[in-house]
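Hey, can you work out the whole structure from these sequences and the hints?
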Amino acid sequence: MNAHAKVQPNRIAGHGRLTPANQTRFTFDGKTYGALVGDTVASALIANDVHLVGRSFKYHRPRGIVTAGPEEPNALLGIARDVTRHTPNIRATTQEVFDGLQATSQNRWPSLKYDIGEVNDVASPFLSAGFYYKTFMWPRKAWDKVYEPFIRNAAGLGHAPEHADPDHYAAQFAHCDVLVIGGGIAGLCAALKAAKAGARVIICDEQPQFGGAFHFDVDAQVNGRPGFEWAQETAAQLSEMDNVRVLGRTTAFGYYAQNFVGLVERVTEHVSAPAPGTPRERLWQVRAGQVLIATGAIERHMVFANNDRPGILLASAARTYLNHYGVAVGKNVGVYTANDSAYLAAFDLKRAGVQIPAIVDVREAIDPKLASQALELGIRVLTGHAVIAAGGKLRVSSMSVSKAGGGSEQVIPVDALIMSAGWTPSVHMFSQSRGKVKFDAETNRFLPGIYAQDCICIGACNGTDDLGQTVEEALKAGENAAKNTVARPKRAALNVKTIGGESWNGNMVGAAPGAEAGKVVKAFVDYQNDVTAKDIRLAVQEGFHSIEHVKRFTTNGMATDQGKLSNMHGLAIAAEALGKEIPEVGLTTFRAPYTPVTFGAIVNHSRANLFDPTRTTPIHDSEVALGAIFEDVGNWKRAWYYPRAGEDMHTAVNRECKTVRETVGMFDGSTLGKIEVVGPDAAKFMHLMYTNPFMKLGVGKLRYGIMCREDGYIYDDGVVGRIAEDRFHVTTTTGGAPRVLNHMEDYLQTEFPDLKVWLTSTSEQWAVIAVQGPKARDIIAPFVEGIDLSNEALPHMSMATGRICGVETRLMRMSFTGEAGYEINVPADHGRMVWDTLYATVNAAGGCAYGTEAMHVLRAEKGFIIVGQDTDGTVTPHDAGLGWAVGKKKEDFVGIRGLQRPDLVAKGRRQLVGLRSKDSRSVLDEGAQIVADAAQHDKMIGWVSSSYWSENAGSPIALALIEGGFDRMGETLFVPMPDRTIEVEVCRSVFVDEDGGRVHG
Amino acid sequence: MAKAAIKAMDATRVHPLAGQSFGGPNVSIAPAPEAYRCSLRADARAVPSLSKALGIKLPRSAKQSITAADRSALWLGPDEWLIIDTHVDPLDDLSKVRVLHSAVDISHRNTALLVKGPRAADVINAGCPQDLSLAAFPVGACSRTILGKIEVVLLRTDVDAFRVEVWRSFSAYAFELLSTAASHN
Chain A
42 MNAHAKVQPN RIAGHGRLTP ANQTRFTFDG KTYGALVGDT VASALIANDV
92 HLVGRSFKYH RPRGIVTAGP EEPNALLGIA RDVTRHTPNI RATTQEVFDG
142 LQATSQNRWP SLKYDIGEVN DVASPFLSAG FYYKTFMWPR KAWDKVYEPF
192 IRNAAGLGHA PEHADPDHYA AQFAHCDVLV IGGGIAGLCA ALKAAKAGAR
242 VIICDEQPQF GGAFHFDVDA QVNGRPGFEW AQETAAQLSE MDNVRVLGRT
292 TAFGYYAQNF VGLVERVTEH VSAPAPGTPR ERLWQVRAGQ VLIATGAIER
342 HMVFANNDRP GILLASAART YLNHYGVAVG KNVGVYTAND SAYLAAFDLK
392 RAGVQIPAIV DVREAIDPKL ASQALELGIR VLTGHAVIAA GGKLRVSSMS
442 VSKAGGGSEQ VIPVDALIMS AGWTPSVHMF SQSRGKVKFD AETNRFLPGI
492 YAQDCICIGA CNGTDDLGQT VEEALKAGEN AAKNTVARPK RAALNVKTIG
542 GESWNGNMVG AAPGAEAGKV VKAFVDYQND VTAKDIRLAV QEGFHSIEHV
592 KRFTTNGMAT DQGKLSNMHG LAIAAEALGK EIPEVGLTTF RAPYTPVTFG
642 AIVNHSRANL FDPTRTTPIH DSEVALGAIF EDVGNWKRAW YYPRAGEDMH
692 TAVNRECKTV RETVGMFDGS TLGKIEVVGP DAAKFMHLMY TNPFMKLGVG
742 KLRYGIMCRE DGYIYDDGVV GRIAEDRFHV TTTTGGAPRV LNHMEDYLQT
792 EFPDLKVWLT STSEQWAVIA VQGPKARDII APFVEGIDLS NEALPHMSMA
842 TGRICGVETR LMRMSFTGEA GYEINVPADH GRMVWDTLYA TVNAAGGCAY
892 GTEAMHVLRA EKGFIIVGQD TDGTVTPHDA GLGWAVGKKK EDFVGIRGLQ
942 RPDLVAKGRR QLVGLRSKDS RSVLDEGAQI VADAAQHDKM IGWVSSSYWS
992 ENAGSPIALA LIEGGFDRMG ETLFVPMPDR TIEVEVCRSV FVDEDGGRVH
1042 G
Chain B
1151 MAKAAIKAMD ATRVHPLAGQ SFGGPNVSIA PAPEAYRCSL RADARAVPSL
1201 SKALGIKLPR SAKQSITAAD RSALWLGPDE WLIIDTHVDP LDDLSKVRVL
1251 HSAVDISHRN TALLVKGPRA ADVINAGCPQ DLSLAAFPVG ACSRTILGKI
1301 EVVLLRTDVD AFRVEVWRSF SAYAFELLST AASHN
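Read top to bottom, the protein sequences are chains A and B.
What the first sequence shows, in the working numbering, is residues 42 to 1042, in sequence order.
What the second sequence shows, in the working numbering, is residues 1151 to 1335, in sequence order.
Don't read these hints as lab results, they were simulated from the structure.
The structure presented is a predicted model; accordingly, all values stated were derived computationally and were not measured.
Heads up, a few of these hints could be off.
[As the list claims (entries may be wrong)] 30 Å max Cα-Cα, derived BS3-like pairs, lysine-lysine:
#, chain 1, residue 1, chain 2, residue 2
1, A, 797, B, 1246
2, A, 929, A, 737
3, B, 1246, B, 1202
4, B, 1213, A, 725
5, B, 1207, A, 524
6, B, 1213, A, 737
7, A, 444, A, 372
8, A, 99, A, 72
9, A, 560, A, 434
10, A, 797, B, 1266
11, B, 1213, A, 797
12, A, 742, B, 1202
13, A, 678, B, 1213
14, A, 524, A, 538
15, B, 1299, A, 930
16, B, 1207, A, 531
Here is the structure:
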């Protein structure tokens, strides 16, 4: 173990907060490195003096670690635990090292140091902004073979995982009075204040440890304690409170309507061997009374030539690596700044024994205190100077410095370069909440302006720089949040005294000297999308004046880091090129997610069986036992057919169809929608909702009903039974159950609110077993009690209540097959028992169970329509040959006016007819087009809606919607297919038992 | 067949989740015992008569339920209640009521899961967006709400216990979602 400690050349003894004894190891591009527990991959790599970690997206330029946080644009690695757990594009600056972690660099081939794609860097004049739009215009032929493969190849970094994700992701909805986003001093103070006042608080922070800027700022004291330690103690104190939920490693990624905020918690991403059952990540969907946004600020880089060389980092990042991780970013570190805070980083590094050859400051004048401190430490400060360019390729080797206005250059050797152009307040969450930012010209930054939701920004994200003021602001916000959300807030004193704290004075936005307009240098604005200052000027020059257009043309800020570093620089350069002020150019919109969110977290539990509910009927297990093959109908599993040994689907369906007509068959109809319509006005309501007359339907009678929409087209159909004067049992199609109930409820509440009637779904109350065929009565008779089954007492289309197999039943004499038969409704929990009992008898009598396919064939043999198959939303009852079901004397029903529209009564409408193939063999394709002239295939006059082989008819049968179909009986029409044209004859849509006598048997 | 044979038939109800249960240290999930259920619809005027017939005072405001002995009445809407009784069919009591109402037997349409234990609320919150804190959803609170991709009626029967009423064919989904959430907490 100690061997690894020795090979971490940049680890500085006595610095940082990690424990030297807690050694661990990981691999990067196959090589093993030592690390300390608590390291990020980035801090561990820098400890090992590795800065080169990847190649850039477009130019394949060598890239290193720039930041120490989630804003990292460059250091995106593939992170793996094992073969099945590989995730691309993980920021090395947020991924904690665990024992056995495998990290791989991306976008390079064959190796990180020798990357063939580097040719793009040389060819960069051809790859400037907008080159996609210009280059891939023509010739058209080049698209498939050249351009598209090229673009696809160039799109995206890293490789998508090839294996199914073996881990589980959890989800949790949560509510709180106060959600605090960010666990720096502002968030902690606000959370504690609100919690002490009695508010239910959730506080989250994306880092493993709370404390925000105290990760690097070691000068500040809070209540006499070092800031970072105070933060840990405060977070622990919050954790112990019953009304507080403290979520570390948790990123607030999206702020949605009505204070609904999405958080993702990385539960085991830092653990070497996650405990079984622990989710990998957890999605929190939080509804908060008030949101306190304490998201801090993000340091910006300086825009100068070759500012992307590995070893060039943000000053605060270098300070974090030193003060938190005990890692120096180099041995001889140059400093380039427009801001005070870089000095503090330089001072800390110098005190830790790192050489600081110079601090280069673009400002002419600086705080004398800083100047004297630098002098004391022996650091040369070059004010009014600029770093014109960085030297080196795989690692920065020097900085070329000259006076900001030009002049002679001096080259200063460095092995790392830290920079700061100032701090950008993190207004992402505020902006996502639809809040409007306002520009503060004095400090060159956008700050929260007009609030759209109940939230408050506090601390650095609100532009509050001073530590004492931040605390004051946070305590006030915490107190007010509790007042606003808790009925009786408690008075709780909370004193937070601070000493010291970061000076964030000074800043610059836009290109630094040496990268001004006219200079042909690569001064990167957006590292991740390889956008340079020149690209942005080019966009303006080419006529893109809106910042939204500039953004899309250059792709500035469109990478996964969402321009956390680049947006302000890009905007400033565009503004300068346009000759406008920054606020006139405007800011692009911040969108969720703040940082990338895994699909796993979004999908969470909804995988495999939980992807979508699978609904099974009460009889399902018996059907499985009978060997049924199932089909999906909506969310339902329905028995499709029941093949016996040696049968394929065709032979099984033929047998089932024959058996029903010759003997008896059983069918599970439980999925039918059922609605109980109850109340003194039930009949009146039914009369209005259906085209058929219902006022005079007798108790114990059934009626086939058609329901239209207002426009007169068929919406649903089903058989309706009158249970009592004030009670109807309505059935709907399987797929129509929920929408028909909603449709009825809509009309009841909006059009007919005066009717005294209520609707209740009973779809799942009743299991439905259809027993159909000549022997149906004989089969059920022995099991029925209290119902006279004779034709006289219970004729076709009538019903009775009684008992079957010892349980309550609503027994309906009806038929969707054309045979005499019953639909037996029994309470669902008894469905399987009744089915099994009847099936034994059916089987003994030579009958069989039949599935949905046979049911479809049997009904088509009789010309019974299926709504949604033989109708398409433009078919009226008359078109479907069901004009008899429209009450002639009715004065009103839903659709009555629609049906009178001229178009709906005009000649030549498509009408439902039968088709027979003239060769008596060819089964038509459902959906096939029909033409009148065999020579003219492009003039469609209709289409095939249902088509089957009918074993009972001994021929193919089909239903079709054909223009003027009713007047075409006997006509020959044509169905053109890719390989031939099938001749068909128009006929009535009834193929067996044309006079319909069998149902009465 | 002789009627005696019919009598011998097994008319006991089969719960769709019969035999399934989940037991963990912090939460247990099990099918509820069989029950009678009735969907009761009526205007406010009818409430006193219906309450009298049911022997239970129908709650009149949102999220409220009342339980007495084996019978519970859950407010689901301004004119809608779910009556659950583990022993006596509420429809029998309502059959004598003359006042205007609709009572529909849904004993078999719904089934129920009992979720118990210190993490019961968290497990339900894996798929249910309701605020289940005791302040917002006290013992006796009920709501027609969602659980993942399905509709459920949720009733808090105790500090750490919930009854999840669900349509029969969605019960397998409900059970799997809850037990998956419970085992990945």
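### Hints breached by this structure
Hints 4, 5, 6, 10, 12, 13, 15 and 16 are the ones this structure does not satisfy, whereas the remaining hints hold.
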